[in-house]
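If you want the building blocks of each chain, they are given just below.
Number of protein chains: 2
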Amino acid sequence: MFPPEIQNFIDAFSKLPSIGPRMATRLSFFLASLPDHEQIQIQEALKGLERLDRCPRCFFVKSRTQKLCVFCADPKRDAHIVAIVEKDTDVFSIEKAGKFFGQYCVIGELDHRNPLGDIQKQRLQKLKNRIIEELNESPGEIIIALGPNTFGDFVSELIRQGFKGISVKITRLGRGIPTGGDIEFADEETLRNAFDGRR
Amino acid sequence: MFPPEIQNFIDAFSKLPSIGPRMATRLSFFLASLPDHEQIQIQEALKGLERLDRCPRCFFVKSRTQKLCVFCADPKRDAHIVAIVEKDTDVFSIEKAGKFFGQYCVIGELDHRNPLGDIQKQRLQKLKNRIIEELNESPGEIIIALGPNTFGDFVSELIRQGFKGISVKITRLGRGIPTGGDIEFADEETLRNAFDGRR
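Residue numbers (our numbering), protein chains in the order written: chain A, 3 to 201; chain B, 3 to 201.
Hints may be right or wrong, so weigh each one.
Intra- or inter-copy, both count: the list cannot distinguish identical chains.
[As the list claims (entries may be wrong)] Distance condition first, Cα-Cα at most 20 Å in a straight line; then the derived EDC-like pairs of lysine to aspartate or glutamate: (1) K78 to E97; (2) K17 to E40; (3) K98 to D13; (4) K171 to D80; (5) K17 to D38; (6) K49 to D13; (7) K130 to E143; (8) K69 to E135.
Calculated from the structure, these hints are not laboratory results.
Okay, chain A solo, but in the shape it has when bound:
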């Protein structure tokens, strides 16, 4: 019943997180009725994401044209304090809380069937090298900012073991975050408390 262009759009966009077929349908009609220059603006915005890759130091997103991400490139960020997070969006939530001025290590989404997969191991190894090379004479701290739930506890313990023998303080976010919750959705005040109460 729909022109193939609409059907294609619905098929492609209804696979995206939080967009079901119904929302994709409405979006398609809305977008189709926009004037050409606005459609092109939105196309360009989407196409821009192609020009992203990951920081070779902390694995947060960055433009391909930049050598490092904004945090690793910023001399005002404290390289002695590193927060280990799962996802880019966790970085976003932590930055909004405005309480943390260190740097990051984004280890990638965790899989319950394989708590530390190849990607996680590679990225943590990179962090280890970074600490050994850069922080050999200064104390340093790693804040494990994973969700305060059983799985997060388990993965944190694995990470701790992996850093055995390296002189670095390892902490976790304080239990300001409701147990069972998700870092990405924590409110800013809770996140601030969690940075204060880390132990």
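Let chain A serve as the given structure and place chain B on it in line with the hints.
Showing chain B alone in chain A's frame:
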């Protein structure tokens, strides 16, 4: 804090209906992390919408390469019965109900401050010509499928007046649809009842 590509995406996509800044942020990271070929597939799906315009006869969306929309081009659809709807998505809901086999006139989204704007007037004029030219010897029916609320009643009355002197039966959808509701969100059963109970 974000690469400009992410910020651009958030700015452009958070203006779309039902997508706020939070969802746009999550979408951007999700899309950025897709492999290139999947990103391109989604880009193409979006770009395809550019190839759409409106049927010159009923104003429903169609591919630019087609002369008429699927309904106007289909000889099995009854050209003597025309449903006047506001939006493309209303057509979608009505088709899903599987009860209506006539054709359409999509008059475009109504503005409460200007119930029949220029676009609506042009499209209704076109419908009038269509009825005079095509249905001069047969009875014909116009079903006004606007929302069953005060505003819809008002606009329906304006439309009725506009068709005075033309020998065509004018009906509205039966009150199966909850008063104050929206055609787009009516369930299929309610829409079927409404087609039965028109008067």
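Each hint tested on the structure:
1. When the C-alpha separation of K78 and E97 is checked against a cutoff of 20 Å, the pair qualifies only within one copy, where the shortest distance is 14 Å, while the shortest distance between copies is 60 Å.
2. Proximity of K17 to E40 under the C-alpha cut-off of 20 Å is restricted to the inter-copy arrangement: shortest distance 11 Å between copies versus 24 Å within a copy.
3. Proximity of K98 and D13 under a CA criterion of 20 Å is satisfied inter-copy only: 17 Å between copies versus 34 Å inside one chain copy.
4. Taking the shortest Cα distances, K171 and D80 sit within 20 Å of each other inside one copy (15 Å), while across copies they are farther apart (77 Å).
5. When the C-alpha separation of K17 and D38 is checked against a cutoff of 20 Å, the pair qualifies only between copies, where the shortest distance is 16 Å, while the shortest distance within a copy is 25 Å.
6. With identical chains, the CA atoms of K49 and D13 are at most 20 Å apart both within one copy (19 Å) and between copies (14 Å).
7. When the C-alpha separation of K130 and E143 is checked against a cutoff of 20 Å, the pair qualifies only within one copy, where the shortest distance is 12 Å, while the shortest distance between copies is 76 Å.
8. Taking identical chains as interchangeable, the C-alpha atoms of K69 and E135 lie at most 20 Å apart only when both belong to the same chain, with a minimum of 19 Å there against 68 Å between chains.
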